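Start from chain A and add chain B according to the hints.
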Amino acid sequence: DTAVSQTPKYLVTQMGNDKSIKCEQNLGHDTMYWYKQDSKKFLKIMFSYNNKELIINETVPNRFSPKSPDKAHLNLHINSLELGDSAVYFCASSSTGAYGFEQYFGPGTRLTVT
Amino acid sequence: GESVGLHLPTLSVQEGDNSIINCAYSNSASDYFIWYKQESGKGPQFIIDIRSNMDKRQGQRVTVLLNKTVKHLSLQIAATQPGDSAVYFCAVFTSGTYKYIFGTGTRLKVLA
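So the protein lines, in turn, are chains A and B.
Using my numbering, the first residue of the first sequence is number 5, and each one after it goes up by one.
Using my numbering, the first residue of the second sequence is number 12, and each one after it goes up by one.
Everything labelled a hint here was simulated from the structure, so no lab data went into it.
Among the clues, some could well be false.
Pulled from the structure, derived: some chain B residues nowhere near chain A, Cβ distances all over 10 Å [stated by the list, open to error]: (1) E26; (2) G27; (3) D28; (4) I31; (5) N38; (6) A40; (7) D66; (8) Q69; (9) G70; (10) V73; (11) K79; (12) S85; (13) Q92; (14) K120; (15) A123.
Listed below are the simulated DSBU-like cross-link pairs for lysine-lysine, each with C-alpha atoms no more than 30 Å apart in a straight line [unchecked claim]: (16) B:K82 / B:K67; (17) A:K45 / B:K53; (18) A:K40 / B:K120; (19) B:K79 / A:K48; (20) A:K56 / B:K110; (21) B:K53 / A:K56; (22) B:K79 / A:K40; (23) A:K45 / B:K67; (24) B:K120 / A:K44; (25) A:K44 / A:K26; (26) B:K82 / A:K48; (27) A:K40 / A:K26; (28) B:K53 / A:K23; (29) A:K40 / B:K82.
Computed from a predicted model, the values in this text were never measured in an experiment.
Every residue gets a Cβ at the ideal spot worked out from N, C-alpha and C, and that includes glycine.
Here chain A stands alone, though its shape is the one from the complex:
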């Protein structure tokens, strides 16, 4: 069973469009994250939700809006897509009650904006 899953795996779209990426985890974790990884492999955290509440909201354009309908899901909606949004987006989850705070990552969604 996949622990952290994301859909779609690939997303090709035109500038100005609105798109969503979905994430689900079946690990029973209470915290979920969205990361953006650029072409140089730099991983930057965008958002973090703990028990459906936003706890980290890094400086990202307000065109990006996360939504957490429940603890197992964290979706990312992007409005008015721009060329610079092209990247790989990773969802991750972790449990604050465990020994450590290691995160479990999904397989990534490669977003290409043309």
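Just chain B now, with coordinates in the frame of chain A:
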């Protein structure tokens, strides 16, 4: 602001040799340190972690060393194998601020 850096963007090692990947961090309040491995086309995967009250932790073929005095972290891989080829990230967590910061990554290439 906080930063987490890696000393070498690419490290090439001969198969069978030991690899050492280094990481420097800036926040002395950081209390949890993790190494991740990212293979091509996949998400980062947890390798090993260490808390700030320890200076060494060993896993299977991997060892993490923490030097809080100089704010330095290293990952040692013993008898490096072709399957170890990947990008390695250190990550630093500060529980007081709930900040989780990834380093810039080091690509490990294993030469046959």
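Comparing the hints with the structure gives:
No beta-carbon of chain A is positioned within 10 Å of the beta-carbon of E26 (chain B); the least distance is around 23 Å. With a cut of 10 Å on Cβ distances, G27 (chain B) stays outside the contact zone with chain A, its closest approach being about 26 Å. Interface exclusion of D28 (chain B) from chain A stands, the closest Cβ pair being 24 Å apart, more than 10 Å. Residue placement check: I31 (chain B) keeps its beta carbon more than 10 Å from all beta carbons of chain A (closest about 20 Å).
For N38 (chain B), the requirement that its beta carbon stay farther than 10 Å from each beta carbon of chain A is met, with the minimum near 15 Å. No Cβ of chain A approaches the Cβ of A40 (chain B) within 10 Å, the least distance being about 15 Å, so the stated non-interface status holds. At roughly 16 Å from the closest C-beta of chain A, the C-beta of D66 (chain B) stays outside 10 Å, upholding its exclusion from the interface. At the 10 Å boundary, the C-beta of Q69 (chain B) stays outside the reach of chain A, the nearest C-beta of that chain being 15 Å off.
Consistency note on G70 (chain B): stated as away from chain A, and its beta-carbon is indeed over 10 Å from all of that chain's, at 12 Å minimum. Annotated as non-interface, V73 (chain B) keeps its C-beta farther than 10 Å from every C-beta of chain A; the closest such distance is 14 Å. With 10 Å as the threshold on Cβ separation, the claim that K79 (chain B) sits away from chain A holds: the shortest Cβ distance comes to roughly 17 Å. At the 10 Å boundary, the C-beta of S85 (chain B) stays outside the reach of chain A, the nearest C-beta of that chain being 18 Å off.
No beta-carbon of chain A is positioned within 10 Å of the beta-carbon of Q92 (chain B); the least distance is around 22 Å. No beta-carbon of chain A is positioned within 10 Å of the beta-carbon of K120 (chain B); the least distance is around 14 Å. In this structure A123 (chain B) is separated from chain A by more than 10 Å, as the shortest Cβ-Cβ distance comes to about 24 Å. Of the pairs offered as hints, the one joining K82 (chain B) and K67 (chain B) holds, with about 14 Å between alpha carbons and a cut-off of 30 Å not exceeded.
At most 30 Å may separate the alpha-carbon atoms for a hinted pair to count; K45 (chain A) and K53 (chain B) meet this at roughly 12 Å. Between K40 (chain A) and K120 (chain B) the CA atoms are separated by roughly 24 Å; this keeps the pair inside 30 Å, and the hint holds. Distance hint between K79 (chain B) and K48 (chain A) is fulfilled; the C-alpha atoms sit about 24 Å from each other, no more than 30 Å. For a cut-off of 30 Å, the pair hint linking K56 (chain A) to K110 (chain B) stands: about 18 Å separates their Cα positions.
A threshold of 30 Å between alpha carbons decides the hint, and for K53 (chain B) with K56 (chain A) the separation of about 26 Å falls inside it, so the pair holds. At most 30 Å may separate the alpha-carbon atoms for a hinted pair to count; K79 (chain B) and K40 (chain A) meet this at roughly 29 Å. Distance restraint check for K45 (chain A) and K67 (chain B): the Cα-Cα separation of roughly 27 Å lies within the 30 Å cut-off, and the hinted pair is therefore satisfied. A C-alpha spacing of about 16 Å is found between K120 (chain B) and K44 (chain A), which places the hinted pair at or below 30 Å, so the restraint holds.
Using a Cα cut-off of 30 Å, the hinted pair K44 (chain A) and K26 (chain A) holds, with the two alpha carbons roughly 24 Å apart. At most 30 Å may separate the alpha-carbon atoms for a hinted pair to count; K82 (chain B) and K48 (chain A) meet this at roughly 21 Å. Between K40 (chain A) and K26 (chain A) the CA atoms are separated by roughly 14 Å; this keeps the pair inside 30 Å, and the hint holds. Taking the CA atoms of K53 (chain B) and K23 (chain A), the gap is near 22 Å; set against the 30 Å cutoff, the hint holds.
Proximity of K40 (chain A) to K82 (chain B) is assessed by CA-CA distance (about 26 Å); at most 30 Å being required, the pair is judged to hold.
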